[in-house]
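Q: Residue strings, one per chain:
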Amino acid sequence: MSTEAAHHGSPTASEGEKAFDPKLLVFCCNWCSYAGADLAGVSRLQMPPYFRVIRVMCSARVDPEFVLRAFERGADGVLVAGCHPADCHYIGGNYRTRRRIALLKMLIQQFGFDPERLKLEWVSAGEGEKFQKTIVEFTNTVKELGPSPYRGGV
Amino acid sequence: MAATDKIGAVMVVGGGIAGMQSALDLADSGYKVYLVEKQPSIGGTMAQLDKTFPTNDCAMCIMAPKLVATGRHHNIDLITNAEIAIVDGEAGNFTVTVKQKSLRVDPKKCTGCGSCAQKCPIEALNEYDENTKIRKAIYVRYPQAVPLVYSIDQERCIGCGICAEECKAKAVEYDQKDKVLEVKVGSIILVPGFDEFNARLKTEYGYGVFQNVATSIEFERIMSATGPYMGTILRPSDGDIPEKIAFIQCVGSRDEHCGNEYCSSVCCMYAMKEAVIAKEHTSQVKPSIFFMDMRAFGKEFDEYYIRAEKDYGIRFVRSRVASISEDPKTKNLTLKYVADGEPKEEVFNMVVLSVGLRPPADAEHLSRVMKFRLNDDGFAQTEVFSPVDTSRSGIYVAGAFSAPKDIPMTVAEASGAAAKASTVVSSARGTLVTKKEYPAEKNVEGQEPRIGVFVCHCGVNIGSVVKVNEVMNYAKTLPNVVYSEENLYTCSQDAQERIKQKIEEHKLNRVVVASCTPRTHEPLFQNTIREAGLNPYLFEMANIRDQCSWIHMHEPKAATKKSKDLVRMAVAKSRLLEPLQNLTLKVNPAALVVGGGVAGMTAAIELAKQGFKVHLVEREKQLGGNALKLHYLPSGDDPTAFVKQLEKEIAADKNITVHLGAKIKSIDGYVGNFKTALEGGKEIEHGIVILTIGGQEYKPQGEYLYGKNKDVLTLLEFKDKLHKGEAKGNEYAFIQCVGSREEGHPNCSRVCCTGTMTAAIEIKKKDPNAKVYVLYRDIRTYGFREKYYKEAARLGVTFIRFEDDEKPKVEEKGGKLEVKVKDEDTGKEMHLKPDYLVLAAGTRAQPDAGELAPMCKVPQTKEGFFLEAHMKLRPVDFATEGIFLAGLAHGPKFVDESISQALGAVARAGTILSKTELEAEGIVARIDETLCDGCGICVPTCEYKALDVMADKKDPKKKIVEVNVGLCKGCGACVGSCPAGALTQMGYRDSQIYAMIDAMFEYEKPKQEVKQNEH
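Those sequence lines, one after another, are chains B and S.
Note that this note's numbering numbers the first sequence so that position 132 is 132, with each residue one more than the last.
Note that this note's numbering numbers the second sequence so that position 667 is 667, with each residue one more than the last.
Read the hints as simulated data drawn from the structure, not as lab findings.
Hints may be right or wrong, so weigh each one.
Simulated crosslink set (SDA-like; lysine to any residue; CA at most 20 Å straight-line) [said to hold, decoys possible]:
{"id": "1", "chain 1": "S", "residue 1": "857", "chain 2": "B", "residue 2": "149"}
{"id": "2", "chain 1": "B", "residue 1": "130", "chain 2": "S", "residue 2": "553"}
{"id": "3", "chain 1": "S", "residue 1": "945", "chain 2": "B", "residue 2": "95"}
{"id": "4", "chain 1": "B", "residue 1": "130", "chain 2": "S", "residue 2": "56"}
No experiment lies behind these values; they were computed from the predicted model shown.
Kindly produce the complete structure, drawing on both the sequences and the hints.
A: As structure tokens, then:
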């Protein structure tokens, strides 16, 4: 894959939608996805600049309340990235994450959020390209959904 | 000699990447180290490189932590600007006389501020920049130099005295004399590196005459952000962008006319890297690489080759360039070469000569004073089964001094030499070292946070995209930030001193560094603040390079905004950081070695010799692994006899317990305290693990009639037949790259070309009339192995090159094999009727790597080999502490390379096993007993069984949960499960993460921007 292929610079607006710069929060586990994100950097894989990463030791550390807090403060999307099933540095932490995110997706719907605004993805330390792809796709998804109904905080 | 006569110190000669690795491994294992370097500063060639293959990591970025660690290690004495004069004594007890040339500056007084050089009126060419830049007569070799001490170039200095007047520290000493030091050590490691081939000797290429012909190392400097053109690719004659650049391979390698018949092993890869990086730096550049064979033989190198061609559009021309001429007006260069059978001429704007590696200039001097042998090519002589031993006992060698090689192999060997050097003096371990003392920790409890923010340019890695100055000024506006500054490299030694100084000056009690990734650099900065009396957990990082400037290269505005956000988030967390105490863990000084091939046997023996208990587990009923299948080595050494000898040593060593026919059921525990269960019930307790599970030859079922015709064999199968005298025929054909360099297995198997030469030579020696054909894509007999290629050719072996889209076709007609192949070099269709068709089948990972990987929590590559912690600088480590790897389990390689890695793993393991206790992370779960009601919901969330419901000691009727901090790995999984909020993850408290989330959605302070961003 080309370093340029997956993304080109300026924000693009979807049909009829006012262009906006989404605010995306990404939780990365220290061992796999944070390393995968670093690898994307080392490989100079380009991607949209609207996401900010918070590093946690394990994706299982991502308390459901963290996700809710982010949406409450105006996040347009939250991505949780962890090790692949069976690859978790902490044995099975990511399985817990998977269950929590599934429940959370239901929960945020109750608050009026499209469940697509919350995403779980497995990115290994060797998958710089997958990190790039994930960010590009998630950015596009959220752009299509438009700004969060809670944009600007509650 | 009595054990007490041995000296617990080692001398390392050479301060490049190998020397630093050897020195750090030894100093971390209880030995005093004297590191002798001929330059005024350490760093060697790697310090001059811009990027490194195959990851394109910035060389200085990955090396700086090692430079700093070496420079500040309390058990490493740097003796720079020095050379070895006399060596007396014997293994265990050497006396080395070292001549240290005067720096004419007192290193104790010099602060490295550089005001002397600013005022010095004399200019000289800067050797570090390969003479592409100017330095002064008083200078440091490069900005991040360790030690950061200026020195006076005695040939240039006119003695005007300006620098002495300028120096506020009064460090300049014109009359400082040369010194002679006598140092007592038990063993010596030689890592003086290499010299580049002198390109002037190839007069047909006009180097030194034509301005736009540069060497590859000069081109590294041209590419570098700290080089003459700040990282833009420009040509020397006129400073224009050279659109067409030609790289010419094998300049001073594989060339009997210049006396160097060997292959220099690294040039194919570095040329590809230079071409790729040049294109990245300056997109107009169109590089072409002129080569004979593309030798991308290392781990994942072929994938790099594919990317270079497909993604970067690098042009590859298979041809040796005959001559270069220059247009005197335009300074453009015309290359004459033959391609596709036709003579061609082509004009280029610049030419880069991929110069080969030569033995260092002082090789003969070292050999003379140390009394060890050099080989015919002038490199240190080593043997296949003792790849880091010189011919003199107690003196070891690593890196390019024994043969041209790349950085990962150099680093593995450097650790390997450290293992051998420490074995000699292991009885004196710990006798000459001192314990690192940190200043008493400042009590910051109850203090208002005073945060210092250091923002890094990382050369141009960050600074060319992110407005670092703006980020630095923005940091100043954040609450509790009392100081902020920007640095060219925040990780350099001088920056560490600055950070400490600023902590004092501004009474900082928290530090934030905005630079690269905490995964590599956090320990360095934590150590720095600890040296200034701050608890290391009062440190936080913002990753504005790997996860910002490098991935938003074309969006400087957005990247600058993101950097500010990341700094704001880091500062928000920093405000709430609290000091944490590291726990200490006892270390069980025993090792588990998994896999009893040559690598595993070597590791077991060396560890046992150093006094550690070793459990060697082998799945087969006998030790020896793949080595027993080789029968021949090209050097003439006998691998079977070698295995027998290792078996004898193992049997005689009481420290080694061998478990044959054993399978591992589970590996539990953590660094220092592992517990392994074997199938059948045996349990082993140990402190470290070395994985040497080997690999296996691919069985190409169905390819080229393999499995259908009995005369189609793999290389190992054929060698076995040949060895037993069962292979009888008149015509033999070998097909290379079977199952390598193909879809699904894109990489080279490294050993097959040389293995094929060995077999072909053997056939020809037995029957000079036999016809032998080798069908190949590139012949990759790298290093000194080139001589076997030459010998095969001399004996009359015919080489036929095919392209990967025109593979040979094999048919069976009347029981006879027929091979059809198009010879790409002549265009002729060849018809062969071999009695044996030998398939050089690739090396595959062991299938049980997939079972061990999750048990050990270590990653694998796409192809199933184990993936080391860092491809370049941590070749035998895993990211998981206490687990190491060596040999084929890491990737295809030769026996000598497996042995080097196994020894390397021993040295790395020694840094743990030599300690009685280790410091463990302070990031663990804690429980607030007043909130916990003992419900136990958290207990099953812990994969490490670190949580238990217990009776409360204060109130036995009440139940509470206890955290066993020795077992807790600090993942934080339990925290989210607690309905009472009683669990906390230290370093990642809820409040700290909330602070980061909240900070992310605060808008930037400067008023105008707030308006722009509000909706």
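Q: Each hint: holds or not?
A: Structure-based check of all given hints:
Taken as a hint, the residue 857 (chain S) and residue 149 (chain B) pair is broken in the structure, with Cα atoms around 41 Å apart against an allowance of 20 Å. At roughly 19 Å between alpha-carbon atoms, residue 130 (chain B) and residue 553 (chain S) fall within 20 Å of each other, so this suggested pair holds. A hinted pair counts as satisfied when its Cα atoms are at most 20 Å apart, and residue 945 (chain S) with residue 95 (chain B) qualifies at roughly 17 Å. A hinted pair counts as satisfied when its Cα atoms are at most 20 Å apart, and residue 130 (chain B) with residue 56 (chain S) qualifies at roughly 18 Å.
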